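Each chain, letter by letter, is given below.
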Amino acid sequence: MYRAVLLLFAMCFPYMAAPPTRPAQRIRVPVWVDGTPVESIGVKDFNARLAGKALKVLDVKGPADDLIVLAVVDLTGDLAYVTPAKSALETAVKKLGPRAWVGLLRAQDGLRVLVDPTADREALAQAIESVPVSGKAGLLDTVETAARIADGILAKSNVRVAVLYITDSDIENYREDYTNPVINSSDSRDLSRRFPEVLVHEKISKLEASLAGRQSPLFVVQLRYFGNRLNEAYRNGLERLARVTGGAGVFCRSDAEIPGAVDHVMGLISSYYSVTVALPERRADTLQLQLEHGGGRTLNYRARFVLKGR
Amino acid sequence: MRGGQHAIGLCLLVYTAAFAQQKPPTELERAVEEFRVQTRTLGIRPDSPPKVARSRSTLKDWHGRLYENFRNDALDAVPHEIRQRGSDKSLLRRNQFGFNLGGPLALPHVPPRSTFFSLSYEGVRERISRTYLRTIPTVPERTGDFSAVVDQSGVLLPIYDPASTRENPLYDPSQSISATNLQYERDLFPGNRIPTARLDGVAQKAIPYYPEPNTDVGPFFRNNYFINAPETNVANGMIGKLDQTIRERHRVTLDLAFSNGFLGSAQWFPTAANPGATDRRFSARRGGIEHVFTATSRTVNTASFEASSETSNSGEATESTDFSALLGLAGIGGQSFPVLNFSPYLSMGRAYPQSRSARNTFVWSDALSTQHGKHNMRFSATYRRYQVNTYWPQYPAGSISFSSGVTSLPGIVNTGHAFASFLLGLSRYAEQSVVLSPSYFRRSQLSVAARDRYELRKGLVVSAGLALERNGPRTEKYDRQSSVHLGVINPANGLPGALVAAGRDGRGHALQPTLTRLEPNASVAWNPRGDPKSVVRASFSRSYSALPIYTAQWGTQGFAAYPTYISPNVQLEPAVLLSRGLPPLLTPLPNLAADAANNTVADLMDMSDRLPTYQSASLSVERQVSASVVVTVGASYSGGKNLLVGNSAANPNAIPLDALQFRDLLNDEEFNRSLRPYPQYKGFDIYSAWPIGRYQRNAAYVRVEKRASKGFSLNVYYEYAKQMDDYSGPYGKQDFFNRQNEWSRTAYSPPQYMQFSYVYELPMGGNRPFLRYEDWRKHMVDGWSITGMASISSGSPIYLHPQFNNTGGVVQALNVNAVPGVDARVPNRGPDLWFNPAAFEQPADFSIGNVSRTLPNVLNPGYQNYDISLNKRIPLAPDRTLEFSAAGFNFVNHANWNEPDNIIGPASAPNVNAGKIIGSRGGRVVQLGLRLSF
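Which chain is which? The protein sequence lines are D and Y, in order. Using the numbering used here, read the first sequence as starting at -7 and increasing by one per residue. Using the numbering used here, read the second sequence as starting at 6 and increasing by one per residue.
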């Protein structure tokens, strides 16, 4: 009987109206501590301020704590870049600690789950090995969704979460046309394409505004270096997207850089601290946070947040 | 939605805990469960309910843009060239508008989110002023009054009466012809005025079609006609794409596009004699299909087919006036105004008054990429088929040219005038295009290539490739193709050079051979000492380009006729009299007799196995100097041989320069012709298709790329290059027989070039450091960015040209002479004096100049341009944005100087403007744009 009631309750739940969105009462700040690794850093080691007023640090999760990495592969191009990237990702995943679980998704032709987050390195290696290399580039179309999933996890569990994109995407290989192609070849005085990257900027700005409201850091490893102007804008855009979340972008200029780049980014992910800070009731939607280490260590952290839901 | 997701997650957890009665999940397990819930709800995992997955393929996933770009002269600065002519208006009305829509399509019996489409439309409506400054006859000149006409130095230009020509009994043939030793004597027209009774009737009827001067920029009545006329541009185009994924391993993309355009050219004259371009209608169609097959994770095959067609129609065949009859010009038909040339004045009538062409291209290709160990291999094959259907008659109503010769004092330069010869109806040269049918040219090309990228060791990747290219020759659908063959004996004179036609006399469908070439390439990328921050790159490649199919009906002589009339002696006799018109065509077409092209400028194809050949090598070092700054330093070499050049840079029928010793005798057409290698022809038309040019370019460059940090990204590129060739320039070669003598700086290649481009997201509002308002002001300060671009280049090498070319037709493009000991450069150069004209002089009659085609150390004025775009993004909803942009092109309103006057006159009549710059050009243009993205 008890089970039946529970089941009925569970079945009804999805049909109930969603509760009104409440403003976030706390934020998770991704932080890197410079210098030699510290055995244990706790809540008391951090001082947080907002507009000069001290904030309460609620929790700190460090490199030894639980970590979920959502690795999203976006591989559509030359196999010469894909193979070292796959190998590098396999190696980097194997190097992660046992409390780091990795989920694998693909972005080309829309976001798809390949492997749920797991500690099973062998299963991950097999999945990475068999990731298809085809389709249309998908980073720009899927990064919002990936960040939303990551924030959902962050909201439901006390783990560190990071999104990692491994991409060889060329801005010219998207379904949506960001290249602003010439439609009328006879229009010789078209000045609107003198700044051809305008659509790339527009998309990046839109995504940046959206990702500024997310709390999981985004990391991007671009495997291939395209020299043209559109791809320069794209590269800069990826860097902006990563930085607005407190993450980082790494751009490989040769195949030889790929293993090091993936390893470096995975190192950044595994070494980050997630500092949970309580927010005051009365506050602005955009926050400029100050964080200090009590022991005088230099901190690299995401300082600006946009709160959604007000 | 989000609340619903959480509810599902919570329920599942409770449900699982209740049934399984297991220990509470760990944080990681809770995280994974939340991941599953979210991804299931989104329909992006294999076990998502089909209904959920399908519901995603709805209209809400469609995205698009709606935009308008607006330009109007009220926003712009008046262009410098217009303000300098005393005008304050340059008409511009332009609207460019369009939309784009794309997203998934839900099709029956097709898996969800496997079909995507994209549709883009753009329209353009524009009217814009075009400006030109030209020289036309003064009002007195139109009536034969040359009493005020002066040469470049301001001295009266004497006009002689050809009817008074007589032999000089005192002429000494052992001495050069000079003012004191004339072979022929002539009388000046009294008062330098041609009597009205002597004016040609056809010329008098043509004169009313010629406008009168409307400005006086000068000097000496030159630059007296300013054209500021509107051009109309209407265009509509659309691009559609459909992308279908089939069972993960197959993807098919369909791509369709069309565009229609109309270009209403600016009217140079308000009459039928308008020499400006004709109105043109364009259309472009393209369709393509691509299939990508992912056989395994290491093997991908891409097959594609593309077909495209571009058409162009010039002029309208609606004009019913027979202008030749109206003018009284006999022997010429056609419904367009005949072309009348009297340089240096603007001509009357225009070439190609009615023409049409269609260029179709079909491309099949397949590429297989596969990986084996450390080898990444790519094999590809491409077959291209080109079709050009064209009807392109140049002078259907004839072209009649006049020179100063018959109104000059024979043998003495700086006498006589082409317009005076025209008024007398005495032409130097005439031709007509009799084209009965279009041409249907065809060509094909097959390319097979293989490439291997191999990681030799960590940090060292080597790539090598080889392509085999087979270039088929041009054919014509009905074998209506011909050329002079330099190895066939001409029956008229028994000398080599006769007309041959495709598909006749045992010849194949093509007149040129099929050529097969191997194209190697190799490259290395190396991280020295394994340091990923540094990359050294080196590359080499060699390639060949096929002979293109031009739009013109070049190479069809015999099927079409180009009757040509040449003056027996340009100083003494006309080619034709205007009053008598052109003689009728005696032989019906087609006329494929071996001597059918004799006495014309005959079409000549290169039938050798030469192909334009390009070779390049480069070396660069890239270094990441900080997290966001990459510096690249590089050097490159590129060179080419057998490059296709035109009639000004190659002349297989040129007279050797040592024939200049014959001096004035060269003006006798028959004698002149006898000196040519192929005397049965006046000349050859090689139509930019003679493979003889060479070039070499050495360049060094530095590039700094600063990726976005604090909202600012920058890219700077600087290059120093030295480019040499033996063909470039507006005038052509002086010496066709010694190409080394023509080796000089490339005419249009500036040695130094710098470009900046930058983007700056202004640090205010929203998620940025400054002015983070929460109230209405946030809408004002948020979302601003600046994008800019600047390019600065040094001037290109100056080319000088002597005022007169008295070489009896031996030299086409005469160079100037250097004055020993005089420096061509001037201190504090400016528009008043850019270079020192005293350092150069007009070569003596019947001699060549000793200065190179372009000057090695004197450059034209440089060029600067600065563009900027200010953008404001206004979020309307999470998925909806309005973006406003204000773009300023040449926003600093910089005036770029025109090139200095490069004509060097003789010491007796120097060009007073030589070395000076008349005017500048450019002006700020502003475009406002509004784009709604959803």
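FYI, nobody ran anything at the bench for these hints, they're computed from the structure. The reader is advised that the hints may include incorrect statements.
[What the hints assert, rightly or not] Computed list of lysine-lysine pairs in DSS-like fashion (alpha-carbon distance at most 30 Å, straight line):
1) D/K198 - Y/K727
2) Y/K783 - Y/K715
3) Y/K65 - Y/K877
4) Y/K379 - D/K86
5) Y/K921 - Y/K711
6) Y/K877 - D/K86
7) Y/K463 - D/K86
8) Y/K28 - D/K198
9) D/K86 - Y/K921
10) Y/K246 - Y/K65
11) D/K86 - D/K53
12) D/K36 - D/K48
13) D/K198 - Y/K65
14) Y/K783 - D/K198
15) Y/K463 - Y/K379
16) D/K48 - Y/K783
17) Y/K463 - D/K48
18) Y/K727 - Y/K921
19) D/K45 - Y/K715
20) Y/K921 - Y/K783
21) Y/K379 - D/K87
22) Y/K646 - Y/K715
23) Y/K715 - D/K53
24) D/K53 - D/K87
25) Y/K921 - Y/K715
26) Y/K538 - Y/K783
27) Y/K711 - Y/K727
28) D/K198 - Y/K246
29) Y/K65 - D/K87
Here the structure is a predicted model, which means the values were calculated and not measured.
Hints versus structure:
1. D/K198 - Y/K727: Answer violated: D/K198 to Y/K727 is near 45 Å, above 30 Å.
2. Y/K783 - Y/K715: holds, 19 Å
3. Y/K65 - Y/K877: holds, 25 Å
4. Y/K379 - D/K86: holds, 22 Å
5. Y/K921 - Y/K711: Judged against 30 Å, a Cα distance of about 42 Å means the pair is violated.
6. Y/K877 - D/K86: Roughly 46 Å between the alpha carbons, so the hint for Y/K877 and D/K86 is violated.
7. Y/K463 - D/K86: Cα-Cα ~21 Å, so holds.
8. Y/K28 - D/K198: violated, 44 Å
9. D/K86 - Y/K921: Outside the cut-off at roughly 74 Å; violated.
10. Y/K246 - Y/K65: Since the Cα atoms of Y/K246 and Y/K65 sit roughly 19 Å apart, the hinted pair holds (cutoff 30 Å).
11. D/K86 - D/K53: This hinted pair holds, its Cα atoms lying about 21 Å apart.
12. D/K36 - D/K48: At roughly 10 Å apart (the allowed maximum being 30 Å), D/K48 and D/K36 satisfy the hint.
13. D/K198 - Y/K65: Within the cut-off at roughly 17 Å; holds.
14. Y/K783 - D/K198: With a Cα-Cα distance of about 16 Å, the restraint between Y/K783 and D/K198 holds, given a limit of 30 Å.
15. Y/K463 - Y/K379: holds, 11 Å
16. D/K48 - Y/K783: holds, 28 Å
17. Y/K463 - D/K48: violated, 49 Å
18. Y/K727 - Y/K921: holds, 26 Å
19. D/K45 - Y/K715: Answer holds: D/K45 to Y/K715 is near 25 Å, not above 30 Å.
20. Y/K921 - Y/K783: Violated. Y/K921 to Y/K783 sits at ~55 Å, over the 30 Å cutoff.
21. Y/K379 - D/K87: Distance ~23 Å between Y/K379 and D/K87 Cα, so the pair holds.
22. Y/K646 - Y/K715: Violated. Y/K646 to Y/K715 sits at ~49 Å, over the 30 Å cutoff.
23. Y/K715 - D/K53: holds, 28 Å
24. D/K53 - D/K87: holds, 20 Å
25. Y/K921 - Y/K715: violated, 48 Å
26. Y/K538 - Y/K783: violated, 41 Å
27. Y/K711 - Y/K727: The given pair, whose Cα atoms are some 28 Å apart, holds under the 30 Å limit.
28. D/K198 - Y/K246: holds, 24 Å
29. Y/K65 - D/K87: Violated: Y/K65 and D/K87 sit about 41 Å apart, past 30 Å.
Comparing the model with each numbered hint stated earlier shows that hints 1, 5, 6, 8, 9, 17, 20, 22, 25, 26, 29 do not hold.
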